[in-house]
Amino acid sequence: MLPKEENQLLTRTGPGTPMGQLMRCYWLPALLSEEIPSPDCPPVQVRLLGQELVAFRNTEGRVGLLDERCSHRGTSLFYGRNEECGLRCIYHGWKYDVDGNVLDTPAEPYNSTLKDKVHHPAYPTREVAGVVFAYLGPKDKIPLFPKYEWTLLPKDQVYVSKVFQECNYLQGVEGECDSAHLSYLHRAFTKASTTGGDPNLYRQDGAPSVQPVPMDFGLRMISLRDGGDGTGYLRVSNFVMPNQGFVPTGGIKGNKEGYSIHTYVPVDDTHVWRYMISFRRNRAIREDERIYQKEIGPGYRKIRNLQNHFLQDREQQRKETFIGIGTNFMVHDACATESMGPIFDRSRETLGKSDTAVIAMRRYLLKAVKNLQDGKEPPHIVTDPQKNDFRHIVCLAHILEAKTSPEGYIEEYISQGPQAA
Amino acid sequence: MLPKEENQLLTRTGPGTPMGQLMRCYWLPALLSEEIPSPDCPPVQVRLLGQELVAFRNTEGRVGLLDERCSHRGTSLFYGRNEECGLRCIYHGWKYDVDGNVLDTPAEPYNSTLKDKVHHPAYPTREVAGVVFAYLGPKDKIPLFPKYEWTLLPKDQVYVSKVFQECNYLQGVEGECDSAHLSYLHRAFTKASTTGGDPNLYRQDGAPSVQPVPMDFGLRMISLRDGGDGTGYLRVSNFVMPNQGFVPTGGIKGNKEGYSIHTYVPVDDTHVWRYMISFRRNRAIREDERIYQKEIGPGYRKIRNLQNHFLQDREQQRKETFIGIGTNFMVHDACATESMGPIFDRSRETLGKSDTAVIAMRRYLLKAVKNLQDGKEPPHIVTDPQKNDFRHIVCLAHILEAKTSPEGYIEEYISQGPQAA
Amino acid sequence: MLPKEENQLLTRTGPGTPMGQLMRCYWLPALLSEEIPSPDCPPVQVRLLGQELVAFRNTEGRVGLLDERCSHRGTSLFYGRNEECGLRCIYHGWKYDVDGNVLDTPAEPYNSTLKDKVHHPAYPTREVAGVVFAYLGPKDKIPLFPKYEWTLLPKDQVYVSKVFQECNYLQGVEGECDSAHLSYLHRAFTKASTTGGDPNLYRQDGAPSVQPVPMDFGLRMISLRDGGDGTGYLRVSNFVMPNQGFVPTGGIKGNKEGYSIHTYVPVDDTHVWRYMISFRRNRAIREDERIYQKEIGPGYRKIRNLQNHFLQDREQQRKETFIGIGTNFMVHDACATESMGPIFDRSRETLGKSDTAVIAMRRYLLKAVKNLQDGKEPPHIVTDPQKNDFRHIVCLAHILEAKTSPEGYIEEYISQGPQAA
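Residue numbers (this note's numbering), protein chains in the order written: chain A, 220 to 640; chain B, 220 to 640; chain C, 220 to 640.
Be aware that one or more of the hints could be misleading.
Intra- or inter-copy, both count: the list cannot distinguish identical chains.
[Unchecked claim] Straight line, CA to CA, 25 Å or less: simulated DSS-like cross-link-like pairs of lysine-lysine:
id : residue 1 : residue 2
1  : Lys622    : Lys475
2  : Lys334    : Lys572
3  : Lys223    : Lys334
4  : Lys336    : Lys223
5  : Lys336    : Lys572
6  : Lys538    : Lys472
7  : Lys410    : Lys606
8  : Lys360    : Lys606
9  : Lys572    : Lys314
10 : Lys513    : Lys314
11 : Lys538    : Lys314
12 : Lys381    : Lys589
These are computed hints drawn from the structure, not numbers from a lab.
As the structure is a prediction and not an experimental result, all values here were calculated from the model.
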């Protein structure tokens, strides 16, 4: 149960809101590189944290992210001419560079200095492995770009995708802090309908113990299922500030090769982009690992969606899968979270033991919001190059021998590195 | 003319509103049995008085009506697994019975008592002749289910249907208290376009006298048209609390065989379900009496609707019918009431003699609302089994001999019963 | 930059708003004659300044414009029977004439005087050259219908059209006060993609001097482009109260034959009808001059619109036209103004020299609104038949010889008349 005021505080991210200010302290995924594939290609509209923006790639390949409406009289720059290192408004030809400088105001007298007095709102971007990140906060507070493991790999070892969801971002983040739902939402009854790991391990024990450990980056979340013979099924996943889940994928066998990141970027308070990033440390992504394409249609909209009830098949639900909505975990998550409504009223919920990490994540966020309001720097803002290292964000799926402690195993894994493990 | 405050009072029915509280004192149609035809079939979403609910039929055939969102973390139970006498949420497997008891919280530790502390909002239901009724009020005030004549008949003697309308419920109820409109809205100019009674009787006198008589159940409404030769065309219909019209159908010949009930159940304040129930006392409904099927499409939406201007045919309007929108009275009513707008502002109306019963009905409702606010029990709440008898709600269409008084004839009809009459 | 309060003041036009009151002082285009082509034809719904109305042509050919909802109980008169010089409501047969008199209330007793006590809101109309104008203000203040040049011509010399736009009316009016945008928004790069005038003249000098001259009717706007050889490209257009642009069309050659009027009538505050009227003084409109037909689909909606991004073609934008959205100026204008959003927040704009006339127009309007609030009559309300003459509203596109003053040329043009010039 979250009081209405705290629910309001956590779920509102528009300009000027406390949670919006917190989100704007971090680099956030803004769009995929493929949306603006080449220099001087057509711009695209981007809606982020309730702001209307336009992204374009200039002649040199640099990405600009500008307020959508022209500083002159407000015409959308989306229709603009992307030419010669700048975006030019169709109405009177005002031209902007990626930094928001006004390069030209051709309808003004030739000696006009107007353009030197105007600065158009523009946001710094960073392009990594096919994702364009942006920083929407105050310019003097811009942090370093965090060197997550996947950001250091060649592009072909990283698979990136995104999908539109029709609910508040927090409903998505909560799903990342919720190990128990693996045993239900994603459960398959038959071999054929099984994907995404080792279902028997989830089935054995549907009530895992969940232990959230506060870290400098957010939460390390340790879940343990009873294997029945003294062994335990250990999963380690992470909530990474302010809106990311770092989760093991590939099951017992595959999970040492890499892991997945799910990031929930508010479009506005009732819509969210879910970015999905998977990587393999030592090899290229295989074609069969690109699992989202067939679920995602034009505009990165889900083919199975809230309007068509996710094409739920009640016969399949009876015989093959718990949910009856295919086998793609992303779609399952969307059904569970979108069907809560646009912004779930958490004053009506009933939390249990299985929600321990969800509770911890909300507290972590609330504390960060309140600290920021008090002028204290939020966690996981990278400013020291020496500390721009995140190898301690580990993701694990592992059968723990009898009597091995999860903490011990995690420490060993970190010290030896995933390859050795 | 209704002052804005009274209009507001009568038209708002959401949780916590005075009129909403009044409505919640009664059994209301919630869905048709055919929407959940068999044990363990897929659940359906139900929106009632602004509340989002889910209905399901359990393994034993009992109907449950639950708040749509899971008590745990709010996922929609519409996607739930309907199995073994309970509805199970897809997210973490919480399972509910038709009474809102939590049967299982499998993601909680095996010795958890959480489920015993939670009670999910559930509403009592009663299934009669193909209609599922629900009671949404306080549990300690639940009334008896009223033994209307049609509820005592075999199912094949009752024809039930429903249709979605895009306006406030009160606009529908007013149409039931409005005998005069028969002579206009439903008028046919040719034999071929005539249905629903004896049009010549409406045409003869388009300005009936209307007399509303306050009764324990609502209003008995007596309308009399001058037959021209000393005779009179008598119609008796009824406003039955809180949202029903009981009206004669079948014309002079047919009306003694049974009558029709039109009930307006708010979906929310700008949408309403119109339930239509007709019955024949001594025989099965004939196929040609099932007159709504061809007018109603998927989702119980009208094929002729506000968006397509009810497919009005101006040529037909010129030559065949007053309205030019086919011959189905239900569609005519919808056009007249939906085209008033989502919630009609009654401070702009001009009432006449022909609106006498409309005025009386609003006063009856306003008094009931105010009494309820003062802690007095509203009318037509059945609590005494001895008084659960409604044979005095009579519907009549009759040619009155010269000099016969309507009141006298009605009394005689009640004492002798429709068969004799 | 317009402060939020003044932006609010200028853009809100519903009943009771100051700008709405100002608009209601003038005759405004309400619909095209072709929408109600013949006596007793079907009525049409008309939404104007946030009011819901119905227009019909009676048996004698007169046009009525009534509040849409019946004075009785609010049913839409759009479904009404248009017969025998009146519009009759389908619900209870109340009948109205074009002046709002109630001719019949047939459901009332035969001796009822109710109809004499009711007056239905009706608005005076005037039909000119295929446009139906209406006056929505107080009856005792009704002005003369202004004798603009085009209103005095035979119908075949006038081309009228209208189109729906998805933004506030003021964004449209501003485009009429903005000579500079011709050089950008409407620019063509190739001969084939050139329409609407003499593009070279716009291209030569993209930063015209703009001089707004306050007049009794609004503003005369004089723009001058440097021809490079001592000559100047002079354009004279006009803002005519309260929502009209009178602009030269046809280029240097054609502009003396007539001009165009663009009138922006609010549907509500986020939608507007743009009426387009062109005329030729001495000849019929040619078929090839009817340039809007192929851009306008059912319901007068644009085929290229905000939803489909005006079917912008980025290849065309690169090679043929500045905007990449065909060659029709009306569509270009729509893209520039609709893409500002439903109601542009002018506190975010940056105005330059090129916006001189836009600024002057807003000031003119603001002053008129404030004067009206102070009880002073707004400009361009015609009450004196002697002064119902607007030959001084001239539209010009002309190459000015070296050293000729624009003012001198305009005076000469007015005194000699367009024919001589």
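Structure-based check of all given hints:
1. Lys622 / Lys475: Within one copy only: 22 Å inside a chain, 83 Å across chains, cut-off 25 Å.
2. Lys334 / Lys572: Result: close only across copies, 12 Å inter versus 59 Å intra.
3. Lys223 / Lys334: between (46 Å within a copy, 24 Å between copies)
4. Lys336 / Lys223: Between copies only: 22 Å across, 44 Å inside.
5. Lys336 / Lys572: between (58 Å within a copy, 14 Å between copies)
6. Lys538 / Lys472: neither (27 Å within a copy, 55 Å between copies)
7. Lys410 / Lys606: neither (45 Å within a copy, 61 Å between copies)
8. Lys360 / Lys606: within (17 Å within a copy, 65 Å between copies)
9. Lys572 / Lys314: between (57 Å within a copy, 17 Å between copies)
10. Lys513 / Lys314: Neither, since 39 Å and 32 Å both go past 25 Å.
11. Lys538 / Lys314: Between copies, since 18 Å is at most 25 Å while 60 Å is not.
12. Lys381 / Lys589: neither (30 Å within a copy, 52 Å between copies)
In the structure shown, a violation is registered for the earlier hints numbered 6, 7, 10 and 12, in ascending order.
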